[in-house]
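**Student:** Chains Y and H supply the protein sequences, listed in that same order.
Numbering-wise (this note's numbering), the first sequence opens with residue 1 and increments by one.
Numbering-wise (this note's numbering), the second sequence opens with residue 1001 and increments by one.
Keep in mind the hints are simulated off the structure, nothing from the lab.
What you are looking at is a predicted structure, and each value in this text was computed from that prediction instead of being measured.
Positions of the beta carbon are idealized from the N, C-alpha and C atoms, including for glycine.
Partial selection, computed: residues in chain Y whose CB lies under 7 angstroms from chain H:
#1 D616
#2 D667
#3 H669
#4 M706
#5 F721
#6 F791
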Amino acid sequence: MSVTHVGTEAPDPQDGQSVGRFSRHSFRAKFIAVVGAAVLFDLMLAGGVAIWNVQRLSNDATEKVATGLTSATEEYLRTYIDTTALRTDLLLDQVFSEVEALGGAMQTLIDNPQTGTNVGRTVEADPKLGDKLVYNPQAGWSQNSPGESVVSVWGYLLDDEGNPLPEVEAQISDSSAFNLIAPGILKTGSPKLQMYYVGPKDKPIMRTTPYTDQAQTFDKLYPGHNEDNFWDFFFPGVYEGWQSWIKDPGNRPVDRDIVGTDPYIDAITGARIVSFFYPLWTADRSDVAGMAAVDITLDQLSNLVENVKIAETGFGFLTSSAGNVIAVSEAGAETLGLVSVGGEGQGVTGIDRLLGKSRFPEVANLELPHNTGTVIDSITLGGDGDFNEETGEGYIVVLKELSPINLWNGETIVSENLTLGFMVAKDEIYAPLTAVQLELSEATERIVYWQIAALLISLVIVTVAVYAISGRITKGLSQLAGAARALQNKDYSVRVDIPTRDEVAAAGLAFNRMAEEISFHTENLENLVDERTKKLETANKEIGALNKRLKSENVRLGAELDVAKRIQEMVLPRRSELEIIPQIEIAAFMEPADEVGGDYYDVLFDGEHIKVGIGDVTGHGLESGVLMLMVQSVARALQEKGDKDPIAFLDVLNRAVYKNITRTKSDKHLTLAFVDYIDGKVTLSGQHEEVLIIRSTGETERIDTMDLGFPVGLEADISAFVATLDLSFGPDDILILHTDGITEAENAAGNMFGLDRLSESAHSNRHKTAKGIAEAVIDDVKMHIGEYKVFDDITLVVLKHR
Amino acid sequence: MEISTNDYRVWTEGASIHYEGTMRLSGTEAYAPILEIMNSVLGSKPDLITLDLTGLEFLNSSGINLFAKFTIEIRKQPDVGVRVLGSKSIPWQSKSLRNLQRLHPALELTIS
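Next up, chain Y with everything else stripped away, as it sits in the complex:
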């Protein structure tokens, strides 16, 4: 029995050891790897998709929120600036209304001169409201003593005694209604610094409420004002501007008579103020008749603008169309990079904080809107000057043009649009957006982290579960592998128990059956071998016994053959016998096919008569040998008796042999012929193979012996068939007798040696001695046979006459 490894690759011993255990080569490891890979792929895909979606959701949300917040912020800023602009307009409108109320009242008095004059006289007559001018000879002007309001009459309006010129006196009286109206208006409504009245250019007396040391202040701040015309000194161009309106109403820039000034430091109060003038007309509207005016501090505008609060530090500012910032908080001014420059105004001292001169080029380059509604712009301040987003801070700038007003710019009256501006750091305004974005980003990150964590945990759980389950699934296989190994180690009692109902269990059942069969066969093999051995032993004994018997039989047969061989050898004539024959040289060759042949030859010599016999007994063996011996004995006896007649000789011989054959119940018979020589003559008798005679001349004769006899031992009487043939046989004549073993000798090709070859062979060797001829012919015969089988006895007898 041999063990065969099944499989394409021979596993190394370690692998063989580890079959069924958990190793990277085991089925279980492969199972885990496959399931693990599938789950990992699934989790990765699901997780990846989830994370991708979360990221996308986050991005979408951020974008939506950003868009929403940006538009909301813009909307808020728009609304806020609209509201603030409205409030600014309202504030100015209220101030305008109040100066218009004063101016309107004064205009009514001008338009009704008689009533005006009467009202003036009445007021002047009132001890409390009436003007009580006091001339100041040092200063050269006249001014009333303290009361509700002050009226200053400049030196060029007085006569030498310091009394007002007559027409100036009338003007003072006619405008004294101011004392009656203005204080009330001043005290009510919006906060106003002061309200005043200036007379026409030729009588520019100045009334102001509340009372201040007006002329004294002027003297201090504006030296020389008492010598020059008031209008030309303080507000050059305003009066002429109004006069031009009369000529052509189209010259009025804005469809309202109010004219404002740029901000300036008030000479009397020292506050930063703005003045608004309301022109008065003559009753016939042919000329200007002075003005009513109001000063308001910038604080009111500033309060409004500075109260603007956007996010943390967002601020509002109010600027003129020229970019002069009228109102802004200190922090705002700092953010805008404004630099205050003292005005060089002739009458009033202006202040300039021009956007165009800001430290920041972005602010300086701000384009103010004109008839374009609200503009939202974005700038970066504090950069390297070349708009560096990274180092600078981004701001949103909102600009809105206010309603236009007429403005005296120090020379003439133009249309002016104030612009309201908001400025807020992007960081602040978009802080919620940033916060939302941050929160979204954090939430996304959190989700991603959780997702990854869940993924890893799932993986661990699945791996552990697969490991645990795989043990159960591959348990059957492991058992099978272990059992197979046990079987390999000749443990035939091993059986597997697989409780599942799958293919592995089926394999287990098959394995158990196979193991059982192997076990059965293996365990019974010894019994079988024992049984067979016993049988063989018995057979062997029998064979031994038989062999012994065979041996003894062989010995017997061998002995028999030996006897036969001895007989045959004994019967054949000795060489010494042949050599003494004087006339004829005789050589004989005989080789039996088996141990004992059926051929017969004999040479009988009685001193003068030579009788040569040749025959062929059917078959071989002891029986043939005995028959041959019989023939020889009879022939010898007859020869000794001196029977010279060949026919009688053969007849007697046949009778004797026939009777013996009949007695012994032998089936054999023989061909038999004799050659008798005497005195140069041969006599042939008996039936046998052809006799060959080669004459000394080289001539060859073939003599058929069929008609010279009959097979011996077949018939009781053959005398009728026996005949003789006499032939001369002289010196060097050769006579050759043979049995069919020579002519019928076959080679491998199945060709017989034949009589022709025999004849030729003998002929070509005829000059040799009888012995030489015999040897040469036998050599030729054997050469012809080669390695092929010798079927029959070979006998050759050569007679050569000496």
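Starting from the structure of chain Y, add chain H where the hints point.
**Tutor:** The following block gives chain H in isolation, referenced to the frame of chain Y:
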């Protein structure tokens, strides 16, 4: 009936017995099965037994003995005729078959 080996074939067709090939059997015992066939034909006592030897290339001395013995057996039954067919082209037949006729002169020998 028929006996067939690599070397020879013997078969009967009615009272005709045919021989073919080379018969070189070792002795009388070896020829017994063939003799049995021949005797069975003889046992049926036909008018004429034909021995067709035209295909028998070679016959050893034991075989000749067989035919001689069989001829003697036929001779004992005068009612049974016998005819032997031989071939001139086969050397042993032209000389040995004549002996059969000598044994039983009524034997019809045809060597063609």
